[in-house]
Amino acid sequence: MIEHELTVSNRLGLHARATAKLVQTLSGYRSSATLTAKGREVNAKSIMGVMLLAAGQGTQVKLRVEGDDEDQAAQAVVSLFERRFDEDS
Amino acid sequence: MRQAFVGHGASRGSALGRARVRLPHALEVAEEHIPAKRVEGEITRLHAAIATVRGEMFALRERLHGALAHEVGEFLDLHSLLLDDPELLQGLDELIRTGRYSADYALRLQRDRIASVFQTMDDAYFRSRVDDIDQVIGRIHAALHRRDAGMPGVAGEILVTDNVAPAEIAQLQAQGVMAIVTTTGSILSHSAILARSLHLPLVVGAEGALQRINDGDVLAVDGATGNVILEPDANDLRAHRGRVRDLARERKQLHRLRREPTRTVDGIDIKLYANAESRDDVAEAHALGAAGVGLYRTEFLFLQRNELPDEEEQFRVYRDVVLGMTGRAVTIRTLDLGADKADRTGLALRDEPNPALGLRGVRLSLARAGLLEAQLRALVRASGYGPLRILLPMVSTREEVREVRATLKRVTVELREQGHAIADNIPLGAMIEVPAAAIALPAFIGSVDFLSIGTNDLVQYLLAADRNNEALTSLYTPLHPAVIRLVRDVIQLARKRDKPVAVCGEMAGDAHFAPMLLALGLMEFSLHPATLLELRRTIRHCNLAQLQSRAPALLRARDRAGIEAWIAENAPVIA
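Chains as they are written, first to last, in our numbering: chain A, 1 to 89; chain B, 1 to 575.
Each computed DMTMM-like pair below joins lysine to aspartate or glutamate, with the alpha-carbon atoms no more than 20 Å apart:
hint: 1; chain 1: A; residue 1: Lys-21; chain 2: A; residue 2: Glu-82
hint: 2; chain 1: A; residue 1: Lys-21; chain 2: A; residue 2: Glu-70
hint: 3; chain 1: A; residue 1: Lys-62; chain 2: A; residue 2: Glu-82
hint: 4; chain 1: A; residue 1: Lys-21; chain 2: B; residue 2: Glu-87
hint: 5; chain 1: A; residue 1: Lys-38; chain 2: B; residue 2: Asp-122
hint: 6; chain 1: A; residue 1: Lys-21; chain 2: A; residue 2: Glu-87
hint: 7; chain 1: B; residue 1: Lys-496; chain 2: B; residue 2: Asp-269
hint: 8; chain 1: A; residue 1: Lys-21; chain 2: B; residue 2: Asp-466
hint: 9; chain 1: A; residue 1: Lys-38; chain 2: B; residue 2: Asp-123
hint: 10; chain 1: A; residue 1: Lys-62; chain 2: A; residue 2: Glu-5
hint: 11; chain 1: A; residue 1: Lys-38; chain 2: B; residue 2: Glu-87
hint: 12; chain 1: A; residue 1: Lys-21; chain 2: B; residue 2: Glu-74
hint: 13; chain 1: A; residue 1: Lys-21; chain 2: B; residue 2: Glu-352
hint: 14; chain 1: A; residue 1: Lys-21; chain 2: B; residue 2: Asp-84
hint: 15; chain 1: B; residue 1: Lys-496; chain 2: B; residue 2: Asp-449
hint: 16; chain 1: B; residue 1: Lys-409; chain 2: B; residue 2: Glu-399
hint: 17; chain 1: A; residue 1: Lys-21; chain 2: B; residue 2: Asp-77
Keep in mind the hints are simulated off the structure, nothing from the lab.
Please model the entire structure based on the sequences and the hints provided.
Okay, structure coming up:
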């Protein structure tokens, strides 16, 4: 199992398009993944689950990935967060 | 009892039919239990409905084309993802099994459970995302009944609702809805623009309609005047029949306009070019009497494939476009990949931090020398078959044009030496969509032969508002004084220097904006063939000299409301 502490740094936070991107990224991996923020844990492969976090800019989230391709899956998510979901500078 | 609601006519056309009321944020389903033996059947019924919706969304995605496709596609993608969402749909089977609820009521319970979580959110944007959940659940619910009744959800009905999203407009039209009445909204919203391009009658801002109209009530809707009549009387019905006859006659007249000139009341000819990206578009443009193709998109040659098209393949496509227009002008835009267009060839850099401000359009072409050269060679060869112009997207400096022109010169000499029959002179134009290019136009207009104003990107960059950012839909608008002024400046300078200038963004294709663009001095429009005849009709009712005399008032408008008021005051009366 891999865990990462991440910060939502894109301006709109985990809004609809960013969430779609996250879910699409994870859908390519077999591992299960969750995000935890504000005391709520959600399935990171569920667009609705992630939207329910209502994670705006600056929110700290914990990513937990578990499965046989967990390294690659976690790296893909970390990279997405670092790139601010390819949407703002 | 007869009752009238007055809204704003957002998309013309008349409808007489029964109302289907959709209340905001509520799935109106009564608690319903089913016997144990029906449980498995109910689950099967639910999954069949979900499959139906999935198929409909896919089919709708396939039908979309052109500039709106991207925007509407994003809603559809989001909704498709939600439809496959493990959390959203999980538990429905369980609810039916253990609670012995009908599929409808299980959907309602699931929806309410999710909505209650969304309602606790502080952030208005996140709170409003429950709308997406509602729409998806609403679609599944509609599909359940469609299967039961053996007929489409809103086919032959008039939808009455608070608001309607662009993605829904396309979906509802595909399902056969007769008309839509909303209690909020603007006639210049994306939904309204889409409804007009799909010829679906739409009335917006019919206040009070949701309180008074019930499912099954008979309504007469006039998408031109914005009148909605509940329980119409004999006079109303007569008037409706009259409108239907008028509309049929109008369609005939519109059809006749195929062979008529696009000439204003005071006798000035305006050129209407077609935007195209396929053989069908070109054929349609030709049949509708377009002055030519004003913007032929070449991206499709590069998208959805794994390797780059070679010169020969491109040449055949471009040659066929030129041949298809039988001597009318054809403007072909060089590759405009980047930002919002994903390709599989690995051409565009997928991981750019800010792709809208990145390596796209002519920048990408210049960064990949072989790419530009192959495309230019193919274009130059096609020029031997009829008038062809080359248009460069995303130009921001004079050097970019000069660099392309140098390559164009070189390949022209080479091709001539190789014995190809090619045009003596191929006009090279620039799209004005980067504000810097528009502002510095006096410095670089000498480098180009013609201009095309791409309002979609120009608006996005000028207002620093991502056109696909849902949080900015009210900010992203061509009706901003800065846009109006800049478009005016570009048109005026081009005319002074005797360079042809067209507008090719969505703004050009909406007849509502035509008087405004004419007032600003525009003489050439390039638009999707679907709305060409409508624009021709509008222009034939415009008085150019009069509109241009009213341009100062337009330029004095201080905000969107002022510009909208000018548009409303100067809309031509189309008898």
